[in-house]
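Colleague: For reference, the chains in residue letters:
2 protein chains.
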Amino acid sequence: MDLRPPRGFRDIPPDLAILRKELMGRVEAVYRRYGFDPLETPAVESWEVLAGKYGEEAEGRLIWRFKDPWSDREYALRYDLTVPLARYIASHPEIPMPFKRYQIAPVWRHDEPQRGRYREFYQADVDVVGSPYPEADAEIINVIVDALDALGVGSGFRVLINDRRILAGIFEEELSLKDPLAVYRIIDKLDKVGEEGVRAELERLLGAPAASKVMEVISIKGDVADSLDRLSREHGSNATLMKGVEHLRQVAQLVRRPQALEFSMSLVRGLDYYTGPILEVVLDRPRIGSVAGGGRYDNLISLFAKREVPATGASIGIDRLIDAGLEVGLFRADRRTYTQVMVVNVRPESYAYAWRVADVLRSWGFSVRVDLNRSGQDEQRRRALKLGVPVVAFVGPQEEASGSVTLYSPSKGERLTVRLEEARQALERLLS
Amino acid sequence: MDLRPPRGFRDIPPDLAILRKELMGRVEAVYRRYGFDPLETPAVESWEVLAGKYGEEAEGRLIWRFKDPWSDREYALRYDLTVPLARYIASHPEIPMPFKRYQIAPVWRHDEPQRGRYREFYQADVDVVGSPYPEADAEIINVIVDALDALGVGSGFRVLINDRRILAGIFEEELSLKDPLAVYRIIDKLDKVGEEGVRAELERLLGAPAASKVMEVISIKGDVADSLDRLSREHGSNATLMKGVEHLRQVAQLVRRPQALEFSMSLVRGLDYYTGPILEVVLDRPRIGSVAGGGRYDNLISLFAKREVPATGASIGIDRLIDAGLEVGLFRADRRTYTQVMVVNVRPESYAYAWRVADVLRSWGFSVRVDLNRSGQDEQRRRALKLGVPVVAFVGPQEEASGSVTLYSPSKGERLTVRLEEARQALERLLS
Chain A
1 MDLRPPRGFR
11 DIPPDLAILR
21 KELMGRVEAV
31 YRRYGFDPLE
41 TPAVESWEVL
51 AGKYGEEAEG
61 RLIWRFKDPW
71 SDREYALRYD
81 LTVPLARYIA
91 SHPEIPMPFK
101 RYQIAPVWRH
111 DEPQRGRYRE
121 FYQADVDVVG
131 SPYPEADAEI
141 INVIVDALDA
151 LGVGSGFRVL
161 INDRRILAGI
171 FEEELSLKDP
181 LAVYRIIDKL
191 DKVGEEGVRA
201 ELERLLGAPA
211 ASKVMEVISI
221 KGDVADSLDR
231 LSREHGSNAT
241 LMKGVEHLRQ
251 VAQLVRRPQA
261 LEFSMSLVRG
271 LDYYTGPILE
281 VVLDRPRIGS
291 VAGGGRYDNL
301 ISLFAKREVP
311 ATGASIGIDR
321 LIDAGLEVGL
331 FRADRRTYTQ
341 VMVVNVRPES
351 YAYAWRVADV
361 LRSWGFSVRV
371 DLNRSGQDEQ
381 RRRALKLGVP
391 VVAFVGPQEE
401 ASGSVTLYSP
411 SKGERLTVRL
421 EEARQALERL
431 LS
Chain B
1 MDLRPPRGFR
11 DIPPDLAILR
21 KELMGRVEAV
31 YRRYGFDPLE
41 TPAVESWEVL
51 AGKYGEEAEG
61 RLIWRFKDPW
71 SDREYALRYD
81 LTVPLARYIA
91 SHPEIPMPFK
101 RYQIAPVWRH
111 DEPQRGRYRE
121 FYQADVDVVG
131 SPYPEADAEI
141 INVIVDALDA
151 LGVGSGFRVL
161 INDRRILAGI
171 FEEELSLKDP
181 LAVYRIIDKL
191 DKVGEEGVRA
201 ELERLLGAPA
211 ASKVMEVISI
221 KGDVADSLDR
231 LSREHGSNAT
241 LMKGVEHLRQ
251 VAQLVRRPQA
261 LEFSMSLVRG
271 LDYYTGPILE
281 VVLDRPRIGS
291 VAGGGRYDNL
301 ISLFAKREVP
311 ATGASIGIDR
321 LIDAGLEVGL
331 FRADRRTYTQ
341 VMVVNVRPES
351 YAYAWRVADV
361 LRSWGFSVRV
371 DLNRSGQDEQ
381 RRRALKLGVP
391 VVAFVGPQEE
401 ASGSVTLYSP
411 SKGERLTVRL
421 EEARQALERL
431 LS
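Protein chains in written order, with this note's numbering: chain A, 1 to 432; chain B, 1 to 432.
Calculated directly from the structure, the hints in this document are not laboratory data. Note that the structure is a prediction, hence the values are computed from the model and not measured. Fair warning: there could be bad hints in the mix.
[What the hints assert, rightly or not] Derived DEER-like restraints, expressed as beta-carbon distance ranges: (1) A:Gly376 <-> B:Asp334: 51 to 57 Å; (2) A:Pro286 <-> B:Asp334: 44 to 50 Å; (3) A:Leu175 <-> B:Glu22: 51 to 57 Å; (4) A:Glu379 <-> B:Asp149: 49 to 55 Å; (5) B:Lys189 <-> A:Glu379: 54 to 60 Å; (6) B:Asp72 <-> A:Pro258: 47 to 53 Å.
All residues carry an ideal CB built from backbone N, CA and C; glycine is no exception.
Chain A extracted, bound-state conformation (with noise of 0.2 Å):
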């Protein structure tokens, strides 16, 4: 049988997810410091509910779609945490508005297996939903910024944004693209394939003149008040682009950390379910793609309800990320235990009160190993040692004579015998 999890899919030893936990907790603070709460909606879905919200290729091949062998209905494990959020919000009119979540779960995509792309990955979701206003999309700009830099990834991103009115005033409007969603999946491809790739495909796609245009459009970036300019100036009497070139301008305004944003024209997102501001956060190096995506999605929420809901959100794509961080040396999973004493009881009879000292150093919020395999002295320091835990605590007869024990920092050097009761005070000093 094979021992391994199914292709794509990870067990996350100990380093690893010890050191995951860790950077999920700091972006859910930074979540919650904006305001955000906690919303979380099941892992498997009714298909119907995913099918027709993200486009062609997720439906015909990344969705993991199952039939229920017990009942015959159609399920699928949830592609994304948004189109559930979606769901939830028609589904509760009664919710006030803006309704502010966030979500740091799983999501389930039936990709080649590759470089920072798994089958089972981690999202960290933020949403507002009820507002359609800029200070909603610069307040996603903002946690998510926020969020990075309490991940320690500093200045080394970018914020790609671009707005879905503008593509839609120029690609639908003014070049009369027939499918303009089949187009902006051959864009999104650009980091994938290279700009000559997604010209092949556009030509294939459009012919030859159209495509050349289409790659002449997707060349405008860079700052974004000059490119905004520069759309107000050759398009100023297409309204449907002036909305999104609006609309960004505000945001621009409202962003904490203005150097960071970049206009790409190229940035479209695969997705179908956009409406408006769109962005991604693409890293300095390694260059493995974007690490977090999001935008509004002003429609969504009426496919499933006779209601128009505004909404607007970003996701940090942790998995990716961790990966990333791990490569360029900006993470280590190099902390193999939560365990700060391993108590070594150098004596068999000794086992009780090598207990009893665990015991009181756990009340006092130590995370703490006693011996549970009746092993001599030597083979407990192995594992101690092996572990990397900072602080052993000797335990033996002449410790419990007197009610002390023995503590030993092999990174400090450092060896001293305190009574118990003064240990809390000696292992807070090792362990700092």
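Following the hints, put chain B in place on chain A, whose structure we already have.
Modeller: What follows is chain B alone, placed relative to chain A:
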């Protein structure tokens, strides 16, 4: 379209999600305090990994088993966290033993939905792999008892214990039952179908005389020492049984709160893989079945690898425990938001200053919302009230001119205007 989650699944709204996160955090803190580390296995397993591990009912009806339409491979959603752990251990012979791990994550069971029983629910598992000794079983009981304490359950629960070797000694060796697992599964329903229900099912399977004997045996329950003494007296020559008796006796001596323990011969656990001590935690009220359970499974890992690796563990049923706690008033899902401060901008022109105030408060770690809907002052205040935000921070032209903020606590009935730099202390006081 039906906008509810699939049958048996739930959306967890913010108030419940906030409560669940709080409670899972407390359990996790206790698990870490005992030196357990996180290991995370995927939600999706190959079907063959789960097959043959849980018994007939699970396999024939309860496992969410499915064929991937793209590859025709057979997968399953994990049914518990133990079998995936066993697969992981089997495939990583290099792991230092004992390996102590926890995982708090959802599992999926295709059960008939009812009170406290969902098709997706969180389990909080804790396991010691690599120790055959009663010390490991006792530590599992201790960590579970401490976790229930941390949840505020107090002394309102009992830990029922038994040992599969005691069951085997009597039912397999003395009564020579042909299919003991089938008998265990019937006994396991005692809570659900009552004594007469179990007797009727046993009579169908075994005939009346054998059923009576089984009923008599499973009536042994109560004080651990008394029960083990009685078993020694009545079955002292049964070597299998006596191994269980001796093991349990040592476990009971190591448990920190022995008064919570109760021996119960009718405790059998429904899963096939247990081999030694087994346990279940039942609340005094409400009577909703067990909220935690587990046991020793020394042969499970050898189903995957040609090594014998002893292991023991237990699992808290987080969602069932929360339902029970909500029902008896132990928990309340009354916090609707993490937001501590709602910044209300009194005049549209104070918008920029309001955002600056929010940024400053956030930089101190407070959870802060600002208006994203260009709403009037009254509307912003109504929203703060509805959400139950504890402090409202008013910001208008006066505050902007003096670099201050007006803080108001509805619950304390207190209102004060302070300079922005001094707002931190004032806020801490109002929030305390």
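Colleague: For every hint, state whether the structure bears it out.
Modeller: Against the structure, the hints:
In this structure the supplied range 51 to 57 Å holds for Gly376 of chain A paired with Asp334 of chain B, their Cβ-Cβ distance being about 53 Å. Distance hint for Pro286 of chain A and Asp334 of chain B: a CB-CB separation of about 46 Å, consistent with the stated range 44 to 50 Å. Taking the beta carbon of each, Leu175 of chain A and Glu22 of chain B are about 53 Å apart, inside 51 to 57 Å as hinted. Evaluation of the 49 to 55 Å hint for Glu379 of chain A and Asp149 of chain B yields a failure: the beta carbon distance comes to about 32 Å.
At about 44 Å, the CB distance of Lys189 of chain B to Glu379 of chain A disagrees with the hint of 54 to 60 Å. Evaluation of the 47 to 53 Å hint for Asp72 of chain B and Pro258 of chain A yields a pass: the beta carbon distance comes to about 51 Å.
Checked against the numbered hints above, the structure violates hints 4, 5; every other hint is satisfied.
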